[in-house]
Amino acid sequence: MKLVTAILKPFKLDDVKHALESLGVHGLTVSEVQGYGRQKGHTEVYRGAEYTVDFVPKVRVEVLVDAADADRVVEAIASAARTGKIGDGKVWVTPVDALVRVRTGERGPDAL
Amino acid sequence: MNSGDTAWVLASSALVLLMTPGLAFFYGGMVRAKSVLNMLMMNFICLAIVGVLWMLYGYSLAFAPDAKLGLVGNLGNVGLKGTIDQLTGASGHQIPVLAFVMFQLMFAIITPALVSGAIADRAKFWAWGAFVVLWATIVYFPVAHWVFAFDVTDSAGNVVAAGGWIANKLKAYDFAGGTAVHINAGAAGLALALVLGKRRGWPKEPMRPHNVPFVLLGASLLWFGWFGFNAGSSLKADAVAANAFTTTMVATAAATLGWLVVEQIRDGKPTTVGAASGAVAGLVAITPACAFVNPVGGTIIGAVAGAACALAVSMKYRFGFDDSLDVVGVHLVGGTVGTVLTGVFATTTTGAAAQNGLFEGGGFDQLWRQVVAAVAVFAYSFVLAYIIGKLIDKTIGFRVSEEDEVTGVDTSEHAESGYELAAVGAGGAFRPQASGVSTGTVGA
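Residue numbers (our numbering), protein chains in the order written: chain A, 9 to 120; chain B, 163 to 606.
Worth flagging that the hints you see were computed from the coordinates, not collected in a lab. Small disclaimer: the values here were computed from a predicted structure and weren't measured. Take these hints with a grain of salt, some might be off.
[To be verified] List of simulated lysine-lysine pairs, BS3-like, C-alpha gap at most 30 Å:
hint : chain 1 : residue 1 : chain 2 : residue 2
1    : A       : Lys93     : B       : Lys196
2    : A       : Lys20     : A       : Lys10
3    : B       : Lys431    : A       : Lys17
4    : A       : Lys93     : A       : Lys48
5    : B       : Lys196    : A       : Lys17
6    : B       : Lys366    : A       : Lys17
7    : A       : Lys93     : A       : Lys17
8    : B       : Lys333    : B       : Lys552
9    : A       : Lys20     : B       : Lys431
10   : B       : Lys360    : A       : Lys48
11   : B       : Lys552    : A       : Lys93
12   : B       : Lys552    : A       : Lys48
13   : A       : Lys17     : A       : Lys98
14   : B       : Lys431    : A       : Lys48
15   : B       : Lys366    : B       : Lys431
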């Protein structure tokens, strides 16, 4: 089993969700996060004083998948989220040792 | 008694009262989320403190017959003695003295409240309360006497109760408080910003306004209430009031545009905070002038003030004083622009001005009177506010500890948070009765 984590532009979340649904992915977790990569932040001006805002709002999407599906899921997220402009984000995959479905107690791939 | 005039003054009093909560939101939106409640409270407490002081002796010091040299009223109206059932005003336009007492109270409340913006995020709450008591007593009440207390004469023209020196001897024009309210508050704000010092991290750390909609809401409430402030100062429901209402409207509109034009040219974008600030700058500047200038003069004063204040708010970075919410840049600068330009655009055609200003063919005679009034109020307020501030700082301490400042004055001074947004709650436990823990930490 793998955990696919993606940091994306918030306005691409819907496209990513639809792409994952069409792959048959049953669940995902979304959180609002802030940070920066190469594109850095933006500036705001209040009463003539300029404030640099380094942290840009992003969404983090987390999906648990079978190891065999990981590459296809990564590819689907990346292509759905791509604008080609700086700040599109990143997707990475980490191994998952154990998994339990809380309601039934099912373990391993059955719990996906 | 004239019931029309009385109704207008009572309604105006309520309009001006609303300005203080309006100011609280204007300021409250500009601070960080961790000190929004303290900012609201520094304003709201002025309603409570000055509301009581005014009844006890404030009205008397400001408006009882002059005690000495036009500097302060006597103690004849302590406890509002001798005001019930009394009338005031010109023949045919008499209103109950208590209507005038309430109208002027609202000015006495908002003036110290204006000062609070200079020391956002870092003042001990009751130290601020002590400042309000002392500054209102020693500075505002006497200065209101200087500017707003006119000689009362009998039918033969003899003075039966003398008023303040600026109104009667200097004869400077200040219809609703360019000097007594705005220069006065701006000078005190500058003094307190110097006494308390900069906020931790200023100006390196970004201190963005946490709620810009509050800022615009507050400015809008100020604009609404200001019609009572300016047009109500006629103390009659008459043509002078209507002109003051009109000049207030057009000056504020022009000042909003003036500020936004400066922003568009300098920063590339017109901002919401800029529109709100421009409106307030215009309201401030037209305050002394409103009844003495015509609508064209009012528009010019507003446009000049909007642009001047937009440029003035950058001064604090050059000179290194942390006037957090620009009490100096908006109220001192706007008040001075308005007070001086009253001596330029005043016109006898308004029915309120006895002599013309510089551009209306009156020469420099009114202009120098305006400058003297502005300088006198600035100097008196700045020096006294600095001394009162230092006195409080050396005795009970004016500034919160470094840790309290970083955590936020809402927690340290009030044991409250402005916003509870976390869906998971804060953990901890609830007790129906507070344990009296001064930090406000539950179950600590």
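Do the hints match the structure? See the list:
1. A/Lys93 - B/Lys196: Between A/Lys93 and B/Lys196 the Cα gap is close to 36 Å, so the pair fails against 30 Å, i.e. violated.
2. A/Lys20 - A/Lys10: Since the Cα atoms of A/Lys20 and A/Lys10 sit roughly 23 Å apart, the hinted pair holds (cutoff 30 Å).
3. B/Lys431 - A/Lys17: It holds: about 24 Å lies between the C-alpha atoms, which stays within 30 Å.
4. A/Lys93 - A/Lys48: Since the Cα atoms of A/Lys93 and A/Lys48 sit roughly 13 Å apart, the hinted pair holds (cutoff 30 Å).
5. B/Lys196 - A/Lys17: holds, 28 Å
6. B/Lys366 - A/Lys17: Since the Cα atoms of B/Lys366 and A/Lys17 sit roughly 29 Å apart, the hinted pair holds (cutoff 30 Å).
7. A/Lys93 - A/Lys17: holds, 11 Å
8. B/Lys333 - B/Lys552: Not satisfied, since the Cα-Cα distance of roughly 34 Å exceeds 30 Å.
9. A/Lys20 - B/Lys431: Holds, at roughly 27 Å.
10. B/Lys360 - A/Lys48: Holds, at about 29 Å.
11. B/Lys552 - A/Lys93: Violated: B/Lys552 and A/Lys93 sit about 56 Å apart, past 30 Å.
12. B/Lys552 - A/Lys48: At roughly 44 Å apart (the allowed maximum being 30 Å), A/Lys48 and B/Lys552 break the hint.
13. A/Lys17 - A/Lys98: holds, 10 Å
14. B/Lys431 - A/Lys48: Cα-Cα ~21 Å, so holds.
15. B/Lys366 - B/Lys431: holds, 23 Å
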